[in-house]
Amino acid sequence: MFDRILPYLLAGISVGGQYALIAVGYTMVYGILRLINFAHGDIFTAAGFFMVYFAAAMPLYVAAPLVVVATVLLGFVVERVAYKPLRSAPRMSIMISAIGVSYLLQNLMWYVTGGLAKQYPVLPWISEQITIGPASTKMATVVTPVITVLLVVALVMLIKHTKIGMAMRAVSRDFETAQLMGIKINSVISMTFVIGSFLAAIGSMLYFSNYTTVTPTIGAMPGLKAFVAAVFGGIGSIPGAVIGAMLIGICENVIKAVGYTTFSDAFTFALLIVVLVFKPTGLFGEKTSEKV
Amino acid sequence: MKKSTKAAVGTLLVAALFAGVWLAERLAGANSMLVTVLEKGAIYALIAVSMNLLNGFTGLFSLGQAGFMLVGAYTYAIFTIPAARRMAVYQYYQGGIVQFELPCLLAIVLAGVVAAAFAALVGLPVLRLKSDYLAIATLGFAEIIRAVIQYDKLGPLTNGSNLLKTYPTFDTALFPFAVAGVCIAVILMLIHSTYGRACKAIRDDEIAAEAMGINLFRHKLLSFVISSFFAGVGGALLAMYQGTVQANAFKSSMTYEILLIVVIGGMGSVTGSVLASFLFIACSEWWLRFLDVETFIGTVQVPLLRSGFRMVVFSVVIMAVVLFYRRGIMGDREFSLDAIARAFSGKKRKGARAK
Chain A
0 MFDRILPYLL
10 AGISVGGQYA
20 LIAVGYTMVY
30 GILRLINFAH
40 GDIFTAAGFF
50 MVYFAAAMPL
60 YVAAPLVVVA
70 TVLLGFVVER
80 VAYKPLRSAP
90 RMSIMISAIG
100 VSYLLQNLMW
110 YVTGGLAKQY
120 PVLPWISEQI
130 TIGPASTKMA
140 TVVTPVITVL
150 LVVALVMLIK
160 HTKIGMAMRA
170 VSRDFETAQL
180 MGIKINSVIS
190 MTFVIGSFLA
200 AIGSMLYFSN
210 YTTVTPTIGA
220 MPGLKAFVAA
230 VFGGIGSIPG
240 AVIGAMLIGI
250 CENVIKAVGY
260 TTFSDAFTFA
270 LLIVVLVFKP
280 TGLFGEKTSE
290 KV
Chain B
0 MKKSTKAAVG
10 TLLVAALFAG
20 VWLAERLAGA
30 NSMLVTVLEK
40 GAIYALIAVS
50 MNLLNGFTGL
60 FSLGQAGFML
70 VGAYTYAIFT
80 IPAARRMAVY
90 QYYQGGIVQF
100 ELPCLLAIVL
110 AGVVAAAFAA
120 LVGLPVLRLK
130 SDYLAIATLG
140 FAEIIRAVIQ
150 YDKLGPLTNG
160 SNLLKTYPTF
170 DTALFPFAVA
180 GVCIAVILML
190 IHSTYGRACK
200 AIRDDEIAAE
210 AMGINLFRHK
220 LLSFVISSFF
230 AGVGGALLAM
240 YQGTVQANAF
250 KSSMTYEILL
260 IVVIGGMGSV
270 TGSVLASFLF
280 IACSEWWLRF
290 LDVETFIGTV
300 QVPLLRSGFR
310 MVVFSVVIMA
320 VVLFYRRGIM
330 GDREFSLDAI
340 ARAFSGKKRK
350 GARAK
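The listed protein sequences derive, respectively, from chains A and B. 245 is the number that numbering that gives the first Met the number 0 gives to position 246 of the first sequence; each next residue is one higher, with no gaps. 72 is the number that numbering that gives the first Met the number 0 gives to position 73 of the second sequence; each next residue is one higher, with no gaps.
These aren't lab readings, by the way, just hints derived from the structure by calculation. Keep in mind that the hints are not guaranteed to be accurate.
No more than 30 Å apart at the CA atoms, straight line, and that leaves these computed lysine-lysine pairs for DSS-like [to be verified]:
| id | chain 1 | residue 1 | chain 2 | residue 2 |
| --- | --- | --- | --- | --- |
| 1 | A | Lys278 | A | Lys159 |
| 2 | A | Lys183 | A | Lys159 |
| 3 | A | Lys255 | B | Lys199 |
| 4 | A | Lys159 | A | Lys83 |
| 5 | B | Lys199 | B | Lys1 |
| 6 | B | Lys199 | A | Lys83 |
| 7 | B | Lys129 | B | Lys250 |
| 8 | A | Lys278 | A | Lys255 |
| 9 | B | Lys250 | A | Lys83 |
| 10 | A | Lys278 | A | Lys183 |
| 11 | B | Lys199 | B | Lys2 |
| 12 | B | Lys152 | B | Lys164 |
| 13 | B | Lys250 | B | Lys152 |
| 14 | B | Lys129 | A | Lys278 |
| 15 | B | Lys164 | B | Lys250 |
| 16 | B | Lys250 | A | Lys278 |
| 17 | B | Lys129 | A | Lys83 |
| 18 | B | Lys129 | B | Lys199 |
| 19 | A | Lys183 | A | Lys162 |
| 20 | B | Lys2 | A | Lys255 |
| 21 | A | Lys83 | A | Lys183 |
These figures come from a predicted structure and were not determined experimentally.
Between the sequences and the hints, there should be enough to build the whole structure, so can you do that?
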């Protein structure tokens, strides 16, 4: 039994780690702007395409850092162009703008690639096959949880112990007061998007090393799932997002192992509805009260 | 303007519209782009208005429209495939379990009813959530529906992940116009009723509305169910338009498209949604087609023009609307005969809204 489950468990932890890297981006943006950044999944996909095109043009050790830079830049530009002008608009408008950006990015990627699935380059070491007990898998599977934990710990340190981290916490607690205290909220918000995109870029390298093809809409589903993970863990909480993502990744793959592949996506959303109805603040979320 | 003249002019306009559609079909031919746009535009208009009822008039940010359309489309298809052809369509499921067929119009109504029933079930837990949580939960629900419908064990009913086809379709653009027209008229009447006013009050301020004695949950649920009813009807029409249905086409991107139509038309304007639907469909299917074709001027190829460019330009335009013309084409105003009459007579508007 264990032998049969093990590959799925491994895949679950690995996918969970990749979702976690995306989920952190969602949860940070939501914590500060109260915005579901629908375009985040597409930024993740864009990172995949950046790698496809950069790796074809230059050696990998140049391409990989460039991918990260390009993704971060994309996240930054999206925020400046599509969200910043709407800062004082109702929340619904910003969310619609996010949906619009997602639509635009998907169409743009479709245009650039001609709608064809692209083969993701083989990354040295990460893409190697290894065997753990009875299961054969890729290095990425094993590396992902480690990288995820390392990055998240680094991020938590950043938020707890640096000046920009303190500013982030202040802005997420109270937007206007933070502004009055002299915090440059625009740069704090940009920083949030930069960190989120950075993690998405790393996540995309790990994710696509496992799944090997990139299509313009491939990021939509992991994006939504990562959002569910962020909600599950308690939106705004970074450790919560990671634990939520791990749980979702594992559950999804166990469901596949049991033979209900059709329902592996549906499960995530069912979980979301259950969590939202019974514990809207998620596992680690802060309780907020409605103000008049 | 007097009520009787208004009714007369209104009737005339509707008659003229139908005559125009009929004429366009005769002149341009049933397979022309114009007729495609008219048919699809009418269907999208209905769906957009149904979404506007929810998002624009009740202030519930729901993203489940594609799910309810899917339910409607499948209900219609399942109950209208002629019994004689079921063996061929449900070839992997021994002809399926439904062995009768309903008349077309009855099936359309049933499509709405089933979608509404689903909405009532989903709404009970989901509508207690606030703005963006509601959006994500309804989006998730639409994804669940899509997965469940393709579930193999439900195959005898839904044909699993295979196409549903050979059900009756319409052969004139007048049909979707008539159905969508009646439905939109009903929605308009609803909006102008006390019920509609209560919904607008909820949109503008939930707490104040509750204090005025409006039962929030009941009104939200009602609005959700009604919107889903019409989304279901719209789904059935879409199924008729396409000729085949497959669950995988009803992705969340479909909901996004409809939402963008609503935004372009103006949140809270029925006429805006209708106009935007025709505009959206005409642009995406017809007017911007040339952007997808590689074109040469002399021997020089026009740069950028190739497959997919149309959608890029299109989404850039949409982003521009979302960012710079947030009120859309109509804002929350409506096209009304009174306003036009006033514009012609040059009288000053009474009680013009301060803005």
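Okay, the hints, checked on the actual structure:
1. For the proposed pair Lys278 (chain A) and Lys159 (chain A), the alpha carbon gap of about 27 Å is at most 30 Å, so the pair holds.
2. Straight-line distance between C-alpha atoms of Lys183 (chain A) and Lys159 (chain A) comes to about 18 Å, which keeps the hinted pair within the 30 Å bound.
3. The straight-line distance between the Cα atoms of Lys255 (chain A) and Lys199 (chain B) is roughly 45 Å, outside the 30 Å bound, and the hint therefore fails.
4. Under the criterion of a C-alpha separation no larger than 30 Å, the hint pairing Lys159 (chain A) with Lys83 (chain A) is consistent with the structure, at around 26 Å.
5. Of the supplied pair hints, the one linking Lys199 (chain B) and Lys1 (chain B) holds, its CA atoms being roughly 27 Å apart against a limit of 30 Å.
6. Proximity of Lys199 (chain B) to Lys83 (chain A) is assessed by CA-CA distance (about 29 Å); at most 30 Å being required, the pair is judged to hold.
7. With a C-alpha separation of about 23 Å, the suggested pair Lys129 (chain B) and Lys250 (chain B) falls inside the 30 Å cut-off, and the hint holds.
8. Under the criterion of a C-alpha separation no larger than 30 Å, the hint pairing Lys278 (chain A) with Lys255 (chain A) is consistent with the structure, at around 26 Å.
9. Straight-line distance between C-alpha atoms of Lys250 (chain B) and Lys83 (chain A) comes to about 29 Å, which keeps the hinted pair within the 30 Å bound.
10. Straight-line distance between C-alpha atoms of Lys278 (chain A) and Lys183 (chain A) comes to about 34 Å, which puts the hinted pair past the 30 Å bound.
11. Distance restraint check for Lys199 (chain B) and Lys2 (chain B): the Cα-Cα separation of roughly 25 Å lies within the 30 Å cut-off, and the hinted pair is therefore satisfied.
12. With a C-alpha separation of about 20 Å, the suggested pairing of Lys152 (chain B) with Lys164 (chain B) holds against the 30 Å cut-off.
13. Among the hinted pairs, Lys250 (chain B) with Lys152 (chain B) is consistent with the structure: their alpha-carbon atoms are about 22 Å apart, no more than 30 Å.
14. Between the alpha carbons of Lys129 (chain B) and Lys278 (chain A) the distance comes to roughly 13 Å, so the proposed pair stays at or under 30 Å and holds.
15. Restraint check for Lys164 (chain B) and Lys250 (chain B): satisfied, since their Cα atoms lie roughly 19 Å apart, inside the 30 Å limit.
16. Only pairs whose Cα atoms come within 30 Å are accepted, and Lys250 (chain B) paired with Lys278 (chain A) is accepted, the gap being roughly 28 Å.
17. Taken as a hint, the Lys129 (chain B) and Lys83 (chain A) pair is honoured in the structure, with Cα atoms around 23 Å apart against an allowance of 30 Å.
18. At most 30 Å may separate the alpha-carbon atoms for a hinted pair to count; Lys129 (chain B) and Lys199 (chain B) meet this at roughly 17 Å.
19. This hinted pair checks out: Lys183 (chain A) and Lys162 (chain A) have alpha carbons roughly 12 Å apart, not beyond 30 Å.
20. This hinted pair does not check out: Lys2 (chain B) and Lys255 (chain A) have alpha carbons roughly 64 Å apart, beyond 30 Å.
21. With a C-alpha separation of about 13 Å, the suggested pair Lys83 (chain A) and Lys183 (chain A) falls inside the 30 Å cut-off, and the hint holds.
Hints 3, 10, 20 from the list above are not met by this structure, while the remaining hints are.
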